[in-house]
Amino acid sequence: MRDIDAALGKCSQRNYNGASAEQESKVRKHIQGIDHVVIAARDLDTTQDTFARMGFTLTQRGHHTLGSENHCVIFGHDYFELLMVPQRLPGREYYYDFARIGDGLAAVALKTDNARGAYGELCAAALAPSEPVDFSRPVPLAEGSKTASFRITQLGLEQTPGGQVFLCQHFTREVVWRPEYQEHANTATGLAAVAIISADISATAAAYEHLFDVKAKTISEGLLINTGDTPIAIVDEAALAKKLPGVWISARHQPCMAALFVHVGDRNMAERTLRAGGLHPTRVPDGSVAIGATEAHGVAIIFG
-8 MRDIDAALGK CSQRNYNGAS AEQESKVRKH IQGIDHVVIA ARDLDTTQDT FARMGFTLTQ
52 RGHHTLGSEN HCVIFGHDYF ELLMVPQRLP GREYYYDFAR IGDGLAAVAL KTDNARGAYG
112 ELCAAALAPS EPVDFSRPVP LAEGSKTASF RITQLGLEQT PGGQVFLCQH FTREVVWRPE
172 YQEHANTATG LAAVAIISAD ISATAAAYEH LFDVKAKTIS EGLLINTGDT PIAIVDEAAL
232 AKKLPGVWIS ARHQPCMAAL FVHVGDRNMA ERTLRAGGLH PTRVPDGSVA IGATEAHGVA
292 IIFG
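Following the numbering used here, the numbering of the sequence shown begins with -8 at its first residue and continues without gaps.
Among the hints, a few may not be true.
[Stated by the list, open to error] Quick list of in silico lysine-lysine cross-link-like pairs, DSS-like style, CA-CA up to 27 Å:
| hint | residue 1 | residue 2 |
| --- | --- | --- |
| 1 | K208 | K233 |
| 2 | K206 | K233 |
| 3 | K20 | K233 |
| 4 | K20 | K208 |
[Said to hold, decoys possible] With beta-carbon atoms standing in for the labels, derived distance ranges:
| hint | residue 1 | residue 2 | range |
| --- | --- | --- | --- |
| 5 | D277 | T209 | 14 to 20 Å |
| 6 | D277 | A119 | 38 to 44 Å |
| 7 | G256 | V18 | 32 to 38 Å |
| 8 | P131 | R79 | 26 to 32 Å |
| 9 | D191 | E165 | 39 to 45 Å |
Hints in this document: simulated from the structure, not taken from any laboratory. Treat the numbers as computed from the prediction; the structure is a model and nothing was measured. For each residue, glycine too, the CB sits at the ideal point set by N, CA and C.
Given only the sequences and the hints, what does the whole structure look like? Please build it.
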């Protein structure tokens, strides 16, 4: 998607603390871009195997104090999470219900240096976030087990069409961002963009304009939201399908988080790695390499 790619240069220009210059001037001082995205899975063993065969290095299985389980794919400044909720647990109902329909890209977690501060900003904007909640998970490491600790505050689903959006504050970044997990055989280096398909692009984009206190940028596929780093594209399904010919995108009810764009250092290596893993990548017109949602557990993944 050339229009999304063209917008990435501006969105990825960070200052010393990870925020873009534009982000510094915004009202949402404690919302600082995308921290990670969440792919919900019904069977974590199978999902883990698929993403390993894609050439991603996965963390060992984590067990949250909230009852969910995960594996993470860690990059330099962000990551994505494979998440399973084994039963309908308090505070995890959304992910359990989501996966009963089918695996897929379920949520976007936003960066924050202060979840309580972000909570106050969102309340002031009449966005009604949930009260901040603390949780953790043990992380087995070569030097012994450590604890990864977080604080989150969530937006209501009616306020973020397409999926769950929450703020995630890390108290132990050094436990999560480990160098041994940041090298990937497919040469992936970070999140590039998230695409939400919607039959009403303007209405869906308006919700994210309100959340981030920004004005969406027009692109050929729809509208682009600057989050502070990784952008969110609100797009028409037909326009996205035209950009990704032959790539199955999503069968979920719209609006939905349908595609994940990932930066890679070498597209050819990414394609070879995917094929070696028994997958069926497609070269799309801009030269990127794509895996359809049928193979990638409900989300189209584009390596570009």
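Numbers of the earlier hints that this structure fails to satisfy, in rising order = As far as the earlier hints go, only 3 is violated by this structure.
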